[in-house]
Amino acid sequence: MSQSAAPSSRLSLPAPPRVVVEIGGMFHLAWMVLVRSLRPPFSYGPEFVAQFRFAVQIAIVPLAITSFALSFGPAGIQAVNFLGLFGALDRLGGLYVIIVVRLFAPFVTAIVIAGVVGTAICADLGARQVREETDALSVLGIDPVKALIVPRVLAIILVCILCDIVALLAGVIGAVMVIVQNGAPLGPFFSTFFSTATPLELGASFAKCALFGTMIALVCCYKGMNAAGGAEGVGRAVNQAVVIAFLAIGAMDYVFTQFLLATNPILSEVR
13 MSQSAAPSSR LSLPAPPRVV VEIGGMFHLA WMVLVRSLRP PFSYGPEFVA QFRFAVQIAI
73 VPLAITSFAL SFGPAGIQAV NFLGLFGALD RLGGLYVIIV VRLFAPFVTA IVIAGVVGTA
133 ICADLGARQV REETDALSVL GIDPVKALIV PRVLAIILVC ILCDIVALLA GVIGAVMVIV
193 QNGAPLGPFF STFFSTATPL ELGASFAKCA LFGTMIALVC CYKGMNAAGG AEGVGRAVNQ
253 AVVIAFLAIG AMDYVFTQFL LATNPILSEV R
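Residue numbers (my numbering): 13 to 283.
Because the hints were derived from the structure by calculation, they are not lab data.
Here a beta-carbon is modelled for each residue, glycine too, at the ideal position from N, C-alpha and C.
Just so you know, not all the hints are guaranteed correct.
What the hints assert, rightly or not - Label-pair distances were calculated between CB atoms; the ranges are:
#	residue 1	residue 2	range
1	R51	V73	30 to 38 Å
2	R103	L273	32 to 40 Å
3	S55	T210	20 to 28 Å
4	P52	G247	16 to 24 Å
5	F206	G241	50 to 58 Å
6	E144	I89	23 to 31 Å
7	F94	P52	50 to 58 Å
8	G262	P29	35 to 43 Å
9	N194	V31	44 to 52 Å
10	M189	R143	17 to 25 Å
The whole structure should be built from the sequences, with the hints applied where relevant.
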């Protein structure tokens, strides 16, 4: 009597969701960037300088205009109308520490860098990918991550910190214009501003911008290096990158601010 062997059945696991795959890919790219950036030789210097100059040239003007407009308009005018009811325009300086240093400057910097610099980098890397230039670099023995991604990530981080300074200055200029427009003296404004501002607040603003820059660079570089399908695929990658970056900026801004206030209660005190 012959027995037929039972067919072997394998347990097939479902494929992970696409969002999980992409998040894992971005974290893997972050690890590769960290390792490649610290491992000699440091041959990405010229590309880093070129990307830094490019990012500054296209981001500095829209950033300054946006920061000034938001500081002078929605923040300044509304705050003056409210404080004017109580005759307390001198408290506008302390309020602007929260408005500009803690909130507006890092957030506007991240939005402008993601919308201007991040999209340009994503489109550039996506075009290189669909033209198979990155594959050609690998064939020549050149690491695409170290040659293309590392200098762009470092450039965006540094540009975000630099642009945060520009956003802070533009925001303060907007506040000064509000004070002058309402005929109030500038002395009380700067007195309450500098009595409320702390080095911790300024350092937290720079740290937040550095985190924003890292996240924007990784998202845009990952999407660009994984673009496929010609020009249409590059455009789709750019759209996805900017949407993901904007959502991540909002989530990171909330988490960072809440963590900062929870670990430093002195920032919530009225001074």
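For this structure, which hints from the list above don't hold up? Violated hints (numbers, rising): 2, 3, 4, 6, 8, 10; every other hint is consistent with the structure.
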